[in-house]
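Engineer: Okay, here's what each chain looks like letter by letter:
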Amino acid sequence: MGSLTISQLEQKANVIRQDIIRMLQEAGSGHSAGPLGLADIFAALYFDILNIRPEEPEWTERDVFFLSNGHTVPVQYAAMAEAGFFDKTELSTLRKLGSRLQGHPEREKLPGIESTSGPLGSGLSQASGYAYTLQYLDKNPHRFVYVVMGDGELNEGNIWEAAMFAGKNKLGQLIAFIDRNNIQIDGTTEDVMPLEDLRGKWESFGWHVLEIDGHNIESIIDAASQARAITNRPTVIISHTIPGKGVDFMEYNYKWHGMPPNAEQAKEALEDLRTLGGKITHEGAA
Amino acid sequence: MYPLRDDIYSNDVPEEPTRAGFGRGLLAAGEENEAVVALCADLTESTQMHLFKEKFPERFVEIGVAEQNLVTVASGMARAGKIPFTSSYAAFSPGRNWEQIRTTATLNNQPVKIVGSHAGVSVGPDGATHQMLEDIALMRVLPNMVVVAPGDSVEAEKATRAIAKNGQPSYLRLAREKTPIFSTEDAPFELGKAYVLKEGTDVSLLGTGTLSYQLLLAAKYLEQRGINAEVVHVPTIKPLDEETILASARKTGRVVTAEEAQMAGGFGGVVTEFLSATLPMPIKRIGMADRFGESGAPNELLDYFGLTGEKMAEEIFRFTEEMPRYHQN
Chain G
1 MGSLTISQLE
11 QKANVIRQDI
21 IRMLQEAGSG
31 HSAGPLGLAD
41 IFAALYFDIL
51 NIRPEEPEWT
61 ERDVFFLSNG
71 HTVPVQYAAM
81 AEAGFFDKTE
91 LSTLRKLGSR
101 LQGHPEREKL
111 PGIESTSGPL
121 GSGLSQASGY
131 AYTLQYLDKN
141 PHRFVYVVMG
151 DGELNEGNIW
161 EAAMFAGKNK
171 LGQLIAFIDR
181 NNIQIDGTTE
191 DVMPLEDLRG
201 KWESFGWHVL
211 EIDGHNIESI
221 IDAASQARAI
231 TNRPTVIISH
241 TIPGKGVDFM
251 EYNYKWHGMP
261 PNAEQAKEAL
271 EDLRTLGGKI
281 THEGAA
Chain P
1 MYPLRDDIYS
11 NDVPEEPTRA
21 GFGRGLLAAG
31 EENEAVVALC
41 ADLTESTQMH
51 LFKEKFPERF
61 VEIGVAEQNL
71 VTVASGMARA
81 GKIPFTSSYA
91 AFSPGRNWEQ
101 IRTTATLNNQ
111 PVKIVGSHAG
121 VSVGPDGATH
131 QMLEDIALMR
141 VLPNMVVVAP
151 GDSVEAEKAT
161 RAIAKNGQPS
171 YLRLAREKTP
181 IFSTEDAPFE
191 LGKAYVLKEG
201 TDVSLLGTGT
211 LSYQLLLAAK
221 YLEQRGINAE
231 VVHVPTIKPL
241 DEETILASAR
251 KTGRVVTAEE
261 AQMAGGFGGV
271 VTEFLSATLP
281 MPIKRIGMAD
291 RFGESGAPNE
301 LLDYFGLTGE
311 KMAEEIFRFT
321 EEMPRYHQN
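Chains as they are written, first to last, in my numbering: chain G, 1 to 286; chain P, 1 to 329.
These are calculated hints, taken from the structure and not from any lab test. Keep in mind that a hint or two might mislead.
[What the hints assert, rightly or not] Result set (SDA-like, lysine to any residue): computed pairs, CA atoms no more than 25 angstroms apart in a straight line: (1) G:K170 - G:N216; (2) P:K55 - G:D138; (3) P:K53 - G:I230; (4) P:K55 - G:Q135; (5) P:K251 - P:G226; (6) G:K139 - P:E58; (7) G:K170 - P:K165; (8) G:K109 - P:R140; (9) G:K109 - P:E31; (10) P:K53 - P:I8; (11) G:K139 - P:K251; (12) G:K109 - P:Q168; (13) G:K170 - P:R59; (14) G:K170 - P:R140; (15) G:K139 - P:G306; (16) G:K170 - P:K55; (17) P:K165 - G:R107; (18) G:K168 - P:F60; (19) P:K55 - G:R107; (20) G:K170 - P:P57; (21) G:K139 - P:L191.
[As the list claims (entries may be wrong)] Not the full set, but computed from the structure, chain P residues with beta-carbon under 8 angstroms of chain G: (22) I63; (23) T72; (24) V73; (25) G76; (26) R79; (27) A80; (28) T103; (29) L246; (30) L279; (31) I283; (32) E321.
[What the hints assert, rightly or not] Residues of chain G placed beyond 12 angstroms of chain P at every Cβ, according to the derived structure: (33) G123; (34) H215; (35) A229.
Keep in mind it's a predicted model, so treat the numbers as computed, not measured. In this text, a Cβ means the ideal position worked out from N, Cα and C, and glycines have one as well.
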């Protein structure tokens, strides 16, 4: 696993957030809130949790990561570029014709993307199929399968089909993160289609449930270690996050779910991120 | 010549459902390659996966009545290096889980095999809900997807083994009811190939799935009325064997398509699209004409919807009377 300190990982998350803002502004379309909210989880995944080789994406002993809510992929692209899967200059091609960085991730376009996603609800099933293969067919206990899902995504029936399947088969190598940011396109999750009691739901499906602050990198890493140690059940980590985290005018505002910043807003957002919301007064801190 | 069985016109021609051939083919594919795994949605015996399950219990995965999960779990297993065969009734898979197939099998380009049993009106008494007619249309429009409708159980076995090796997402269309076996063990089967079952000069009868046998019967009836029909069996709907179809169409100047499915978007759609762009000519499509099926005995239903050899012969005869041939220069 990674050798970075928590404070170095926090800096990675900040860099990822800045890259997200630049990418989205350049692209002129895309989702802002979700990717920003996930930056800490992705910093933890790509720089500590996942056993991967950026220079060898198909390394046969790698951990596998599925992004189920594909619209948040800018955070994955930013993390992958920072980790060395590809050159950072390519980030500016996001959503443009001929780019490997499609608006929603495509496996065949970009090495390191494990599956094509976008339409919600099918990532957990794919991760379950992979984890089932490792546990029962290949009998390889050394690899783990991670998946990130949105909370609005949990409206999809396909998710609960997968939850039943993974629970039944006690997929101990399967570790799911739920980005519990409480928003979806039409409003708050509890208004659109209530998810609570979310912990109780997963527990009743046979899952080990952890609940963490999704912006606390130490908690994220600890939760993943705990999850790996639980071998007789799949684990879901309900990660409480703030949509738009790190950019003051985007935080908690569901209007930023599907919108990119314009040039002026991007400038303000980057300023926010560089100064950690005004806590640091000089430029270039991160 | 294609090696047809000798007894295809006799009353003793052996019959078997195409799904039985799939069951044997899957077992054989499993023996040939240990990466082959099978996933079922609570219909293991109906879809004939039980042979595989008995031989390779550790490579069989019960998904329960959850067709969306069926193909998406399979997609994940394919990413992990397996060759997953998924089965259910065609009405449910690919009927219910089309988007999951589109995104996680075809756009994602993973070799997930979708096996849709109980396709067509010959499902019988279960009625329209279970008589899948739109599956060909749904599957053939997906890039990367291979679509196969075997003509009999012997061919279904070969088709199953073939799609286990093609490395692509593939759809295999199967029938519930017993149908006559017209091919032999020695008969060729290659994905993407069509086969001339009977040569003729007056009209090309292109069939897919089990209706190719009915076209052989139709050709027999037509012979009595002075029409020398050519019968071409097209088990692979995608990719289409354009060369064989074009050669036959050029020779006869008139084309008929037959399928136990909606002809809009189905096999009739495929052939019409192809020929209208390459060699426009009169085409008669036989199949389900923008309507659902209903309950009844399988043979009654085939007759009711005009899909028996005898009924089709009538239609085809009228077509040859009314339509001029396409004349080549």
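Engineer: Confirm or reject each hint.
Structural biologist: Hint by hint, here is what the structure shows:
no., hint, result
1, G:K170 - G:N216, "violated (28 angstroms)"
2, P:K55 - G:D138, "holds (18 angstroms)"
3, P:K53 - G:I230, "violated (30 angstroms)"
4, P:K55 - G:Q135, "holds (20 angstroms)"
5, P:K251 - P:G226, "holds (17 angstroms)"
6, G:K139 - P:E58, "holds (11 angstroms)"
7, G:K170 - P:K165, "violated (31 angstroms)"
8, G:K109 - P:R140, "holds (23 angstroms)"
9, G:K109 - P:E31, "violated (34 angstroms)"
10, P:K53 - P:I8, "violated (33 angstroms)"
11, G:K139 - P:K251, "violated (58 angstroms)"
12, G:K109 - P:Q168, "holds (17 angstroms)"
13, G:K170 - P:R59, "holds (17 angstroms)"
14, G:K170 - P:R140, "violated (37 angstroms)"
15, G:K139 - P:G306, "violated (54 angstroms)"
16, G:K170 - P:K55, "holds (24 angstroms)"
17, P:K165 - G:R107, "holds (21 angstroms)"
18, G:K168 - P:F60, "holds (15 angstroms)"
19, P:K55 - G:R107, "violated (34 angstroms)"
20, G:K170 - P:P57, "holds (18 angstroms)"
21, G:K139 - P:L191, "violated (34 angstroms)"
22, I63, "holds (7 angstroms)"
23, T72, "holds (3 angstroms)"
24, V73, "holds (4 angstroms)"
25, G76, "holds (3 angstroms)"
26, R79, "holds (6 angstroms)"
27, A80, "holds (4 angstroms)"
28, T103, "holds (5 angstroms)"
29, L246, "violated (32 angstroms)"
30, L279, "violated (35 angstroms)"
31, I283, "violated (36 angstroms)"
32, E321, "violated (50 angstroms)"
33, G123, "violated (8 angstroms)"
34, H215, "holds (29 angstroms)"
35, A229, "holds (23 angstroms)"
Of the numbered hints stated above, those contradicted by the structure are hints 1, 3, 7, 9, 10, 11, 14, 15, 19, 21, 29, 30, 31, 32, 33, listed in ascending order.
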